[in-house]
Amino acid sequence: MKRIDLILSERELNRVCKAITKAGAKGYSVMRHVTGMSPSGEISEAMDFSGLGANAHVIVFVDDDLLGAVAAAVRPLLKRYGGVGFVSSAEPL
Amino acid sequence: MKRIDLILSERELNRVCKAITKAGAKGYSVMRHVTGMSPSGEISEAMDFSGLGANAHVIVFVDDDLLGAVAAAVRPLLKRYGGVGFVSSAEPL
Amino acid sequence: MKRIDLILSERELNRVCKAITKAGAKGYSVMRHVTGMSPSGEISEAMDFSGLGANAHVIVFVDDDLLGAVAAAVRPLLKRYGGVGFVSSAEPL
Amino acid sequence: MQSSLVLQNLLSAPVLFFFLGILGVLVGSDLEIPSPLPKLFSLYLLLAIGFKGGMELAQSGLGPQVLLTIGAAVAMSLLVPLSSFLLLRLRLDGYNAAAIAASYGSISAVTFITAESFLNVLEVNFDGFMVAALALMESPAIVVGVVLAKITAPAEDREVSGEQENGNGGLRWREVLQEAFLNGSVYLLIGSLVIGYVVAAFSPAGLEKMDPFTEKLFYGALCFFLLDMGIVAAQRLRDLQKAGAFLIGFSLLAPPVHALAGLLVSVLLGLSQGNTLLFMVLCASASYIAVPAAMRMTVPQANPSLYISTALGLTFPFNVVIGIPLYMVLTRQFIPAG
Amino acid sequence: MQSSLVLQNLLSAPVLFFFLGILGVLVGSDLEIPSPLPKLFSLYLLLAIGFKGGMELAQSGLGPQVLLTIGAAVAMSLLVPLSSFLLLRLRLDGYNAAAIAASYGSISAVTFITAESFLNVLEVNFDGFMVAALALMESPAIVVGVVLAKITAPAEDREVSGEQENGNGGLRWREVLQEAFLNGSVYLLIGSLVIGYVVAAFSPAGLEKMDPFTEKLFYGALCFFLLDMGIVAAQRLRDLQKAGAFLIGFSLLAPPVHALAGLLVSVLLGLSQGNTLLFMVLCASASYIAVPAAMRMTVPQANPSLYISTALGLTFPFNVVIGIPLYMVLTRQFIPAG
Amino acid sequence: MQSSLVLQNLLSAPVLFFFLGILGVLVGSDLEIPSPLPKLFSLYLLLAIGFKGGMELAQSGLGPQVLLTIGAAVAMSLLVPLSSFLLLRLRLDGYNAAAIAASYGSISAVTFITAESFLNVLEVNFDGFMVAALALMESPAIVVGVVLAKITAPAEDREVSGEQENGNGGLRWREVLQEAFLNGSVYLLIGSLVIGYVVAAFSPAGLEKMDPFTEKLFYGALCFFLLDMGIVAAQRLRDLQKAGAFLIGFSLLAPPVHALAGLLVSVLLGLSQGNTLLFMVLCASASYIAVPAAMRMTVPQANPSLYISTALGLTFPFNVVIGIPLYMVLTRQFIPAG
Ligand SMILES: Nc1ncnc2c1ncn2[C@@H]1O[C@H](COP(=O)(O)O)[C@@H](O)[C@H]1O
Ligand SMILES: Nc1ncnc2c1ncn2[C@@H]1O[C@H](COP(=O)(O)O)[C@@H](O)[C@H]1O
Ligand SMILES: Nc1ncnc2c1ncn2[C@@H]1O[C@H](COP(=O)(O)O)[C@@H](O)[C@H]1O
Ligand code: NA
Ligand code: NA
Ligand code: NA
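Residue numbers (the numbering used here), protein chains in the order written: chain A, 1 to 93; chain B, 94 to 186; chain C, 187 to 279; chain D, 280 to 617; chain E, 618 to 955; chain F, 956 to 1293.
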């Protein structure tokens, strides 16, 4: 199995979650209020009251053969709005 | 070493943490307010006021030989109450 | 690529983030309000109002050749203030 | 007169904010009250209502009518889940029937509070001991629900669930009682009730100092919380397709039927108009806080989206919007004005 | 007299707490108001200001001056971004110019609230319908901003952004309007305004019960929120080095210029002193909540740190600290006292 | 008379809610006030107490008795940690002794607030400048603690800690002073004090508008916060087994001993009954907010569970429940009524 870690702005969370589901993943988990740093700057919770918010961390565990579909669905969103994605190996407990 | 990721309802968190400790793990970390989706439906923070709450994400780093014990302790709880668990490889920094 | 997971007290978060940046990592993500257990005791959110706070979980994805630098920068801080760090393999999505 | 009461309720600030929340979800606004802010308001409302109830209980004392009313309330919280269970069992398995029955046997504090505000605006009096009835009706239905689930469980299930974690069935009971009587909201409500009683009895100087917090702020905070409840209830409405016509019918007919039973009891007890309305609301409302949390732990085989979506998505809005003025119309019909 | 007004503003509790927040960041205090607590205060302020505005609107009615004023306000929220865009385009690309122009065409509710508090302390009257103007000025600038960004987009970009997600340009518009008119703060403000109106018109007994929450608590809650705004604004100041001298100049000169335009309109409309000050503040202030959120979704090519840091780091403090009393001085010069 | 004061305190709303929190943990209720809600209440209490103190300070002025009292308070916050350190060093290493000593030299704002509420209920007057004493006693003990830790550190440790992060010892001092004087709670308290002073002196119209927020709401908010403090303190009690009999004894005997020292100073200064009680409480209480946060940064070798569990799990409940009325009994013995 694969574990996909996506980190992106909370604002785009809905889109990304929909894309993941549409690509066929059976589940995912979301942590909000994630802050962070990247070449494009620092993201803090300071603007949370504005709804501009911080980042979210999405974890998706998928079978190997689904990785391609999820990647294809998510990549253009990350490219358009920013955010990063990484894949590692994992096994069910 | 192994990294175990558990995602389950906040309500069962205490039981799971106790089981992990009893199985001999020396530490774990918990993130609450995790939302997510699975074949059994979507979990949002909307019910937070009821204490029914959202999910929690538990991370346990254990030596390879402890994996079996932790898995044996946690699996029945995930089966009874729901939740998922995955294992990957990791090394101390 | 490598994925580095650091779990440490929120109080030292700034230092650790600075160290990570100085070591050359291009980005990282932070989840706060993490609770946990380790041989040195249990960390709950109960003291949050004091600013002593709970733990934070820092995730850094770096190229293999940067791992050494980040590890060297972070290790003394973990040693001085407490906290744990683990490394696993990952690939960009 | 009837329609004017319904209208008056519909045009009150709390109900309007409730609609604002529902509408927000329907039109796709991204308005949300992020966690844990809703918890702040629910803790506040429980603390305030408990404190005020205890305070008034100290003033009215524990006379025979008070004890009779409270006893009748507890009896209703045992009878309602039993009769509901028999009905629900026609279409649902034992676990789900038991869990839903438990919800309807227990109460919704926010519905009760909204009814109190409604009475306040109408300037109809009611007594502090009704809060004691509220507090004591939360838990018994949970115990009934667990017992029903146990009794109807298939034999092999009973074995397993007895074994699995405790090695014996005894420990399991501790957990049920713990969930029933010590869950956060029951505990805070009863605790605040006792504190209100004690403060009123022994250091009345403190009452006045609490007043701005527990009394003055109350109506506005209720509005704020109902805004959130509207958002949450509307989100729950989506789950209802899973529930099916039978459950939808149940969640809309059970409230007025249980309210009528409550009216009957109130007439027998000779309650005042205000207390009768509150008694009816207690019978008619269903729990979406304490009971779901307890059922999830003790009857995990039941599907939470069934008991939450009916109690929160239909029964709660029904009571708040139509039920309360409707029950008031009936109350005025059968109970002479104080 | 002029300097005394400025001083009086500087020494008022809200502005002092704003400074306390700024100073905390400058001296390196770790004081912070953790998320989502600031959201609680911002939701509260919107609910309270909307409710009070609606209530007063019900009392004053919707006469010709009310409608004219509201119409003029909406017109300003279309003109200000257009003129700002032309100016900003001299140095910035189309995306950033459009996003910044949208911020300055829209409004800052907190600046407006601070101006209201200032008037209250001076005991100068103003009307509830100004809140309606506030509510209706939030959104139009967003639409203007998106249109400007589309028009000036390089041809190839237009293709791509049209294609990418929706397959056509039509759906995109739904998103823009959704962001403009249904984002949480606009929705809550307008909703509370309507509720305040309805309650005042149909169940006035509820007004008094809301008063402790929406009126009495207001000033203190504003102080608390401005403390946080000070912290956030100071943190934003750091981003300003990226903005450059041109943008810094713009963010400090735009407010008084737009305020003067507002003064001109107020004179023509024959507004009272209090309403004139509020009108000037609406024109002078820039949005750092609704607009940035909408721009991030609809014009992702613009750099958020540019439009947020100018509106929040410079324009907001300028208006709160110097602008409001300055505009009052001008108001007194040109508008006869009521 | 003695026992009646103790009873009166035990039966007051704030102390009863504190017990409710403790009891909740003991009986295993899952009642919790999720983070960051407790922070909202602690920020609110600091802001309100600071503002009110500053306001009253402006009214009373900065006469010789005010300055003498504040000077004596600061002196106590230097002496208490020194004497405590000498005692604690008998059984503990230098780091832990220094950190615990710093806690007891500093103060607990909530204990102080509870004492103020107690005086209010008794209708005994006290002065606003005592809040200034409170504010100025928070920090010095931190500096003393760090100096003591440095002095008693083994030679090799001193080297390392000097080197490790800064390359020299100078920067380290900046950090200590930063933590001592600019940590969030000290900063907010002093800032609000200054603001209260300035507003009272220059724009008194603002005082009345702040009153519902800072004054009326205060008692209820304190009750809510003490509910949470009860939960937290009870959870800390579990850590006490690690502390051992010596530390447990210290945490229960230090408060009355330090209070007696405070009484002596009060008699010498000729303070009123109300001020004396507050002075005693300042000396007797121990910090579980500012100091632990600072020690964690500057003396990381000390074990936080030792200084937090004693200050919060034992000393705080002791003072709130028994200490305050006990000190009042002593005050009445030695200080003539105003
Ligand atoms: N190398 C990295 N490791 C961990 N998180 C990252 C990394 N790069 C970016 N992020 C996270 O992804 C967010 C969005 O990244 P970006 O779109 O590149 O600004 C950042 O705010 C970080 O929270
Ligand atoms: N494939 C998955 N990847 C990531 N998280 C998952 C996955 N499946 C389930 N989860 C999480 O685990 C929670 C409980 O799962 P379940 O018990 O299957 O409903 C869900 O609400 C998700 O947050
Ligand atoms: N084996 C582990 N697996 C996951 N998290 C851990 C582990 N050990 C420690 N932690 C986390 O790291 C924090 C600090 O660890 P320590 O400095 O050892 O007290 C703990 O409070 C836990 O949240
Ligand atoms: Na019921
Ligand atoms: Na504007
Ligand atoms: Na002290």
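Treat each hint with caution, since some may be false.
What the hints assert, rightly or not - Here are a few chain E residues that face chain A, going by a calculated C-beta distance under 8 Å:
1) K656
2) S659
3) A689
4) A692
5) P771
6) Y905
7) I906
8) P909
9) R913
Unchecked claim - Derived pair list, reagent style DSS-like, types lysine-lysine, alpha-carbon separation capped at 27 Å:
10) A:K79 - E:K767
11) A:K22 - A:K79
12) E:K859 - C:K204
13) D:K495 - F:K1105
14) C:K208 - C:K265
Derived by calculation from the structure, the hints in this document are not laboratory data.
As the structure is a computational prediction, the values presented were derived from the model and not from experiment.
All C-beta atoms, glycine included, are put in the ideal place defined by N, C-alpha and C.
Each hint, compared with the structure:
Look at K656 of chain E: its Cβ gets to within about 5 Å of chain A, closer than 8 Å, so that hint holds up. For S659 of chain E, the shortest C-beta to C-beta distance to chain A is roughly 5 Å, which falls under 8 Å, so the interface hint holds. The beta carbon of A689 of chain E is not positioned within 8 Å of any beta carbon in chain A (closest approach about 28 Å), and the interface hint is therefore violated. Among the interface hints, the one on A692 of chain E is violated; its C-beta lies about 26 Å from the nearest C-beta in chain A, farther than the 8 Å criterion.
With 8 Å as the threshold, the beta carbon of P771 of chain E stays out of range of chain A, its nearest partner Cβ sitting at about 16 Å, so the hint is violated. Checking Y905 of chain E against chain A: minimum C-beta separation of about 7 Å stays under 8 Å; hint holds. The beta carbon of I906 of chain E is positioned within 8 Å of a beta carbon in chain A (closest approach about 4 Å), and the interface hint is therefore held. Satisfaction of the interface hint for P909 of chain E is found here, the shortest Cβ-Cβ separation to chain A being roughly 6 Å, below the 8 Å cut-off.
Hint on R913 of chain E holds. Least Cβ distance to chain A is approximately 6 Å, under the 8 Å limit. As the CA atoms of K79 of chain A and K767 of chain E are separated by approximately 20 Å, the hinted pair is consistent with the 27 Å bound. The straight-line distance between the Cα atoms of K22 of chain A and K79 of chain A is roughly 18 Å, inside the 27 Å bound, and the hint therefore holds. Proximity of K859 of chain E to K204 of chain C is assessed by CA-CA distance (about 21 Å); at most 27 Å being required, the pair is judged to hold.
Among the hinted pairs, K495 of chain D with K1105 of chain F is inconsistent with the structure: their alpha-carbon atoms are about 53 Å apart, more than 27 Å. Only pairs whose Cα atoms come within 27 Å are accepted, and K208 of chain C paired with K265 of chain C is accepted, the gap being roughly 18 Å.
Hints 3, 4, 5, 13, counting from the list given before, are not met by this structure.
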